[in-house]
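Here's the letter readout for the chains.
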Amino acid sequence: MLLESACLNFAPNIRSPVATLRLEKGQKVAAKKRKTSADLLVGIDLGTARSAVVTSAGTAMWDRSLVGWPRDRVAKKLIGKSVVIGNECLQHRLALDVTRPLRDGVIRKSTTRDEAAIHALADHLLELVGADDDQRILAVIGAPAEASAYNKALLKDAFAELVDAAMVVSEPFTVAYGLDLLIDALVIDVGAGTIDLCIMRGTVPAAEDQRTIPQAGDFIDQQFMERLRAQYPQAQFTPSMAVQWKEAHAFVGDAHAGPLEVSMPVAGAPRQHDISAALRGACESILPHLREELRSLIAGFDPEFQERVRQNVLLAGGGSQIKGLDAAVEEMLEELGGGHVRVVEDPLFAGANGALAIAQDTDPEDWDRLEQAK
Amino acid sequence: MGDQCARGDLATSLSSHLLSIDPSLNLLGENSGDPERAAAQRIKGRIVAGLAEDNLRGHARPSSVKHTARCGAKARRRQAHWLGASGVVLLLVLLGINMLGKSAPDSPPTESPHPLLVPPAMALPTPAPPAEEAEQFLRAERQVPLAQLFQLGVRHIVLDPGHGGRDPGTIGPRTGIMEKEITLDICLQAAAELRARNGQLKIDLTRTEDRAVGLRERARFANERGADLFVSVHINSFAGGDYGGIETYYLGFPSDPDAEAAASRENVGGTARIGEFEALIARLGATLKEEESVHLAELLQARLYGGMRTLRGPKVGDYGVRRAPFLVLLDSEMPSVLAEVSLINDPEEEVRLTQATYRGEIAHQLALGLEDYIAAIDDAVEAALSGR
Ligand SMILES: Nc1ncnc2c1ncn2[C@@H]1O[C@H](COP(=O)(O)OP(=O)(O)O)[C@@H](O)[C@H]1O
Ligand SMILES: [Mg+2]
Ligand SMILES: [Zn+2]
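Chains as they are written, first to last, in this note's numbering: chain A, 4 to 377; chain B, 97 to 484.
These are computed hints drawn from the structure, not numbers from a lab.
Treat each hint with caution, since some may be false.
[Claimed, not checked] Chain A stretches covered by chain B per the calculated footprint, using a threshold of three residues with CB under 8 Å from any CB of chain B:
| hint | region |
| --- | --- |
| 1 | 87–97 |
| 2 | 170–180 |
| 3 | 199–210 |
| 4 | 217–225 |
No residue lacks a Cβ here, since even glycine has one placed at the ideal position from N, Cα and C.
Required output: the full structure, derived from the provided sequences and hints.
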């Protein structure tokens, strides 16, 4: 659970991950006037790898879902904090025990320490929002689909003292909601820890409408590194280099042709290596799992509904950026009668935007009740 | 290959995605007039109402927590400092450092008699004096009965029964007994025992019934009451064959030797300037809290493990005093520990834990450990004052 390698699985981000963007003008339409100005609506996507926050005031921020505890007093002194959150964990990774709370804590059995990590992350995200003291903060929190009811209560607890009212909602339902994919749609959210499939039928998805596949971005990373080691036993690379290459070039099928040359030292001297075969093999390693779940999920519905759903498939999450994945999924759908796949445009914020849309559409009276019930 | 999804989906609150994908399904389409739009809005309304309902039902908390939680939203902007910034507090720390330097210059924090003379009760009656006054006061320090002046010693303990409400903690696989029930009963019994033996002592519990309390709320509870000690009580559980053992945790990190060194250095001539101490105090605040937490953890661990061993024989593991960044300890402003007072995976132990008398035994050891600590502090204060 205290994985040193957890942070090594990520490319150190060159740019600051905490990017503040103003949402484009049109995107504020959903900010309905009926909420009082003292309410700040917040949409949060708590991911296993990355978490994003957007608000009705137009703030949009993200950071890595990492929480680091200094290993010892020297480390603590060096860093000057008792807990380090987000991208900063990468800077100090040698001095920290780094956890990914949404992966290590919520989904697995949670310990007091995992709870503490969740709280720390929640605190950090709300700090990014920077609300005024007199504002009521009303938050919708998107949590990993497979988080149990108890996990969700735990998440709510983590936010309880930070916000005035909160709802916890499953991912990738928030993505679907944000894109108005309310009926006859299928969302495939390719995240770091899991791929989540979610069928939309005009209601809050039930258990049978959802599937979780444990082979996703992290799995691709592992596969990629294994293949690289097998192919180039003398070449040296770090996990973060591998992830960087993956995120820059990931592809399946024929989406990329020709070699992909990167530099890796061999016996101290830099040498060019073609990573295209290893990368393609690694990215394709998730496809059999996806094919199987897709088939069993869709097969569970009546034929007419199946047809409509197949025509309305959305790829979301960081892994949706794998080149050719949409075509590969369309190929899978072909076996089931054909279909149409799109890729979400803003994988980083789609979940948080959806959560915000839910917050905005929630009846003010329901918010009041949620606040009372807190 | 699929096309990229258009930007601004949020914007067109009823987007045309469905329309663009399958014109026969233009339920949300803008060109089909208001009825469809209204239908889509109804779907959204229904979904969102369902979500609110789920959340209200699923994780509702008893209303007794309401106002604390409400305050908490604002309170998060308020940084908690154990020692605060007032001049009197500063002074007190300087005095503490002086005594620390004189009474036990090189002794590690865990040795007895315990060198620390500055207890965590920091609710001080006088306003902050200006710097010169403080220096004068500092010089006059030898004649001042500090213990009386600053009410040294442990007066107020907060016991924190782990888990509660919808959070059962570990559930005994054979009996179904829940950690939250055990911890509550042990705390109630320990509180009763401590009160009965020491009328001066104030004991509060973060919960006295089966209800959910947030981790930070627990720490805040103790902070708001100005408690001197905080003890969170849990039951250990390990997956697999290992039954686990008795262990007591304190927060985080060992004391900072640099801060100690700085303290003794600065105090040799008593000439340190007030301003120079500000950074030091921030560090010392953490250090003192931590040292005291270790001391408390050691005394509790000795009693809890000793008692358990007497009752159960050598089978029980002594996991000792350990540190970990528990949030419930992070936010508390006084010496704080988290004690795993029993182990639920051991089948025999699980059955015993269902018995109030056995829980009473554990409570008894907890009370003894706390009394050991109170006595150690009293001794240290007395020794320091009489030695002057
Ligand atoms: N351009 C890319 N190509 C392939 N994978 C990517 C790309 N960008 C990010 N990823 C991967 O997506 C995953 C993170 O996706 P995200 O949806 O943020 O996950 P989560 O919701 O679990 O936090 C990581 O495994 C990351 O390496
Ligand atoms: Mg996600
Ligand atoms: Zn516990």
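Here is what the structure says about each hint:
{"no.": "1", "hint": "87–97", "in the structure": "violated (count 0)"}
{"no.": "2", "hint": "170–180", "in the structure": "holds (count 4)"}
{"no.": "3", "hint": "199–210", "in the structure": "holds (count 3)"}
{"no.": "4", "hint": "217–225", "in the structure": "violated (count 0)"}
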